[in-house]
Amino acid sequence: MIGYRLENRLKQARAELGLTQTELALRVGVSRKTINTVENGVFTPSTTLALALAAAFERPVEALFYLSRGEG
Amino acid sequence: MQGAAMSETEILAVVRRFEWRRKVGLGMSLLGVVVAGALAVQFVPGDPDHFSRTEFLALGAAAAAFIACGLILMRLGRIPADARTPRIAMLRAERLQGRRHIALLLMPASLGSMLPGAIRAAGHVADGRLVTHIDLFTVAAFTAISLLFALMIAGRGLDSWAKPVLDDELSRELRGRALAVGYAVVLAGVAALFVVALVSRTLAVELIPVVAALGVAGPALRLFLLERAAGGGGEA
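Sequences listed follow chains G and P, in order. Residue numbers for the first sequence follow my numbering, beginning at 99 and rising by one. Residue numbers for the second sequence follow my numbering, beginning at 10 and rising by one.
Chain P with its partners taken away, still in its complex shape:
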């Protein structure tokens, strides 16, 4: 039922509640995917240690419940029609941009926290040791998150309403400059790995996740700095 026309503040409050619900839903779904991923690596042969049948069923049920609840939460509610005006879309997108800046800052920290596990798993592979399920999960998670961050930096997957702000000419220019940093870092890193491999193949394999992490963290920080420099001053 559509009542009287809402004020801009009321519309933004409704939108905020909707976005919060979507965020919680997305978080729950991702948690479910992580649990499902932990179960999926159990099927990869090699490591003799497996979850027990009870653990497997319990975690499977938890993963399904998290994903289902998350998806339902994300589907609940609709953005009011009044919120689809260009002005509200711009206000929403500018707020989203603020949150993306925080995300850009958190990316290097997040990858850094996963790096020891990824290096350890790479070391196991390089030494020809048994690759455990934990190694597989760590590598899969590190790779998926690195790719997800790279796609976020590249501006993929933006909602159409956010594109005029987050995918306009300036944003594309800044992203291009930031991604050029990533390209240079990865290129230099791969060249360095090649040289290191001549001395120690194990060390070269262990350093692969470091190069990948730097290739994502570098552009994230560069984009944050460029966006911050471009955002200074101005008037609403």
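Here chain G stands alone, though its shape is the one from the complex:
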């Protein structure tokens, strides 16, 4: 969508639970690289992965991902 950029609070959420990227990756069933690129905003996850991440943190997906005005 033009004008929006997907941001995330994945790193903070992970830090709160004391999880490493590898541990989170194992919980969700993806690679550590995928977690890293999602955290850094390099890769936009699919709805499925976003929901899986939210489920791993037992939070609503909006608590992890949000839109901001940007180059999107």
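Incorrect hints may appear among the rest.
Unchecked claim - Just a few of them, taken from the derived set where beta-carbon distance is under 7 Å, the chain P residues facing chain G:
1) 95
2) 97
3) 173
4) 177
5) 178
6) 179
7) 239
8) 240
Bear in mind the hints are in silico, worked out from the structure with no lab data behind them. A virtual CB, placed ideally from N, CA and C, is assigned to each residue, including glycine.
With the hints as your guide, set chain P onto chain G.
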């Protein structure tokens, strides 16, 4: 016999030995297949030069021995049960990913080294000259290796334990972008060949292997660059 539980380092050492054995076995089997392929093209009529009966039997025996030994080596040993945990699988897959990066870099070099032979064979066909057994073998090997590389880039044939790392959402996205480069290269290449054929049919046929090689080498390099860019930073 299953002893006391192994540490992660011990498990990975056992797995490394198993993988090394499999790799040697695969190499030997492939060598056997190459020799068998060289023998198989002898049956294609045309070229009057053939291996002698003694050469044929010796090479046949060597091919069978290489394939048999390779298969036995690949079947020897088993991955310990402890190595089937998701964490070990991820560590193994990440190591495999490093080796795949090297393979991606070697693909263009490998195809480039085979290209002169493939161009020469294509030239023989285009000129209506006698196609030798060496030409047939070169074309068959070039085609098989190009297809094998394309399948590797597309992520086919991955072991199930490696899929969470090598066939996850990010990997599929990156592979899709890399393969799009190959599609564009091949499409542009075929269009260019069509134009070249209007001027010189021989040259157009000679350039077919070049287009095929670029169609594989382009995505390989693109995937390497994308994977490298995606892999920067992070924490274990």
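Verification of the supplied hints:
1. 95: holds (5 Å)
2. 97: This interface hint is violated because 11 Å lies over the 7 Å limit.
3. 173: holds (5 Å)
4. 177: Holds - the Cβ of residue 177/P comes within 7 Å of chain G, reaching about 4 Å at its closest.
5. 178: Check passed: Cβ of residue 178/P comes within 5 Å of chain G, closer than 7 Å.
6. 179: Interface hint status for residue 179/P: holds (4 Å vs cutoff 7 Å).
7. 239: holds (5 Å)
8. 240: Where the cut-off is 7 Å and the nearest Cβ of chain G is about 5 Å from residue 240/P, the hint holds.
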